[in-house]
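Could you build the full structure based on these sequences and the hints that come with them?
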Amino acid sequence: VRSPIFADHYGERDDLCEYMDQGVQKFEYSLVPHAGTWQRAGIVKKANELNMAPVQIMETYHKGTSPREFTGVAISAGNIMVTAFKQAEDGDGFILRCYETDAEAVQCTLTVPVPGRKFTADFGKNEIKTFRIPLDEARPIVECNLLEMELE
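Everything in the sequence shown is counted per the working numbering, starting at -8 for the first residue and increasing by one.
Just so you know, nobody snuck in bad clues.
Here are the simulated PhoX-like cross-link-like pairs (lysine-lysine), alpha carbons at most 25 Å apart as the crow flies:
no.	residue 1	residue 2
1	K36	K116
2	K36	K109
3	K77	K36
4	K37	K116
5	K120	K36
Ranges between beta-carbon positions, derived for each pair:
no.	residue 1	residue 2	range
6	P58	S(-6)	41 to 51 Å
7	L7	F110	54 to 64 Å
8	V105	E9	40 to 50 Å
9	I48	D12	30 to 40 Å
10	W29	K54	44 to 54 Å
11	L7	P58	56 to 66 Å
12	L126	A32	37 to 47 Å
13	L126	P45	18 to 28 Å
14	W29	L7	42 to 52 Å
15	P58	G115	28 to 38 Å
These are calculated hints, taken from the structure and not from any lab test.
Given the structure is predicted, the values throughout are model-derived calculations rather than measurements.
For every residue, glycine included, the Cβ atom is placed at its ideal position computed from N, Cα and C.
Here you go:
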C-alpha cells in the first residue's frame, strides 16, 4: 500500500506532513484457476461479484402487489455487464448502462422487469451503451448519451 504525502503545493516538508492511507488497510483477493483465456473464464464478472456483493432485502407479509421474489436486469450474454440502472433525470422512464467485457462483439437480449420491458442490442468490442427505457410501452427504447439525450 502506498502512503504518499498529501499534495503539497508549497514544497515545504516537515514533521507535520499528513500522509494518505495510514492505518489498517483491508483488501480481498481471489485466485481463479482456469483453462483457456481470462475472457472465457469470466474474470471480469468474477471480479465484479467479489467487489460488489449482492444486496438481499428480507420482506415481511404485506398487501402490496410485489412478488415474493424479484430479479433485476437479466442479460442473455455473459460478456455484458450492467454498470447503472436508475430513474431518468427527467422522471420519464429509466436509464440502463452496460458494457462489453471480453473484446467480443455480441448481440444480446436485455430483460428489465421494472418497467417490464425486453429488447435486443448489439455491442461492439469493449463498447459502452446507455439506453433510455420509457415507462410508456408504446414508446421505443432508445440509445442515449451520458447526458440522457437520444443519439442521432
